[in-house]
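One-letter residues, chain by chain:
2 protein chains.
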Amino acid sequence: MKRAVILLSGGLDSTTTLYLAKRNGHVLTALIFDYHQRHKKEIKAATKIVELNKINRHFVRTAFSWTHSSLTDKKKHVPENRNLVTQVIPSTYVAGRNIVFLSYAFSLAESIGAKKVFIGAHVQDYSGYPDCRPEFLRNFERAANSGMKSGDIKIEAPLINKNKKEIITLGLKLKVPFEHTWSCYEGGIKPCGKCDSCRFRIKAFEELELVDPLLRK
Amino acid sequence: MKRAVILLSGGLDSTTTLYLAKRNGHVLTALIFDYHQRHKKEIKAATKIVELNKINRHFVRTAFSWTHSSLTDKKKHVPENRNLVTQVIPSTYVAGRNIVFLSYAFSLAESIGAKKVFIGAHVQDYSGYPDCRPEFLRNFERAANSGMKSGDIKIEAPLINKNKKEIITLGLKLKVPFEHTWSCYEGGIKPCGKCDSCRFRIKAFEELELVDPLLRK
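The listed protein sequences correspond, in order, to chains A and B.
Last residue of the first sequence: number 217 in the numbering used here, and the count goes up by one each step with no gaps.
Last residue of the second sequence: number 217 in the numbering used here, and the count goes up by one each step with no gaps.
Just chain A, with the same shape it has in the complex (with noise of 0.2 Å):
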């Protein structure tokens, strides 16, 4: 049986990842964090995508307290409008928090037997998010093994050269159900449109010639 953990936000990227990984026949246990990020909209989009697909899950609920980050801040605004080919790396985001989240994934699948887990980490990430960069996920995997028993658990990123557009293309073949899916910073009842999240979103969607099915609703 080729067990997998997947790190679950209930974003795009990581729910067309779970898609995939089923896809390619991988029996899957969603990992799912609450790390006090501004709204509950994200957790709820994961757990109902995990309904939906029958698979198990953990939750993991913790806080980066320390952090002066505008994405577990509430106080802080997200930035909106922001230039998206800049490469600086901006105020959501949280130190260590992928580095946090794989850990634990990695001790969730030594301790199930699962020999791989599974990120949506991609291309437009690592533009600005160093824990979503190509290199920092194949030390990770290199440093996490070389502390662990079993020593042979493989970090999987199929998405790590794609951008938006191309990931959504993949989603629609894997039938993804993007309309309950969640990626923007802000938890209202529509996506805000214009924090970095959204924008990528609502662009790739637009070069498509496609309507967000969040838009719609």
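Check before you lean on any hint, since a few could be wrong.
For identical chains, the list gives no copy identity; a pair is met inside one copy or between any two copies.
To be verified - Calculated lysine-lysine pairs in the DSBU-like style (CA-CA distance at most 35 Å, straight line):
(1) Lys48 x Lys162
(2) Lys116 x Lys44
(3) Lys165 x Lys154
(4) Lys2 x Lys44
(5) Lys75 x Lys154
(6) Lys115 x Lys76
(7) Lys194 x Lys76
(8) Lys190 x Lys74
(9) Lys194 x Lys149
(10) Lys74 x Lys40
(11) Lys116 x Lys149
For the record, the hints were derived by calculation from the structure and aren't laboratory data.
Got chain A sorted already, so can you dock chain B onto it with the hints?
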């Protein structure tokens, strides 16, 4: 200012590391984990050490709910009178524990502008626990830095090549209040004397012709 984070369990090793780092002029922030270990006694010990030294501290409450470790599952038995020179990983191993702990420590370090993370890992531990090995610590340092904004945080494991006897000798010089530390895997009134952690500690005090102050109380 030489800011640093220290992973503090409340045991003899991490407490000695704290006194050493402080003596060497570091301004410390302690990171203490409540990860559903068998008892709260070591957390109380860590809190006491923090109070005695008047340093900042952060708590992380988490769980490794999926692990099968005798250190987090009270229904299991902690091994007693085990062969201490074996290389077999004991049932007290918690999958990925130091990987998770170091991940949080790097997140905290970057957030407060600290350039060092102190950990009390040492030679006797890494015979059994893979996440105490020097190779793992080096790999993790490289990995974490490649996934962070700062990228220049160092892991300091000053006890790495010492055995318990040498650690106690160093602690005595540094006036470490061993009576306020707690090493036993069980949470009794006195240390059980049978778990690996007790036996390494008792043996080392005996070799130095001293009595562990915890046994005197």
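So, going through the hints one by one against the coordinates:
no.	hint	verdict
1	Lys48 x Lys162	within (25 Å within a copy, 51 Å between copies)
2	Lys116 x Lys44	within (25 Å within a copy, 37 Å between copies)
3	Lys165 x Lys154	within (26 Å within a copy, 39 Å between copies)
4	Lys2 x Lys44	within (27 Å within a copy, 42 Å between copies)
5	Lys75 x Lys154	between (38 Å within a copy, 31 Å between copies)
6	Lys115 x Lys76	between (39 Å within a copy, 26 Å between copies)
7	Lys194 x Lys76	within (15 Å within a copy, 52 Å between copies)
8	Lys190 x Lys74	within (18 Å within a copy, 46 Å between copies)
9	Lys194 x Lys149	between (45 Å within a copy, 24 Å between copies)
10	Lys74 x Lys40	both (13 Å within a copy, 32 Å between copies)
11	Lys116 x Lys149	both (15 Å within a copy, 27 Å between copies)
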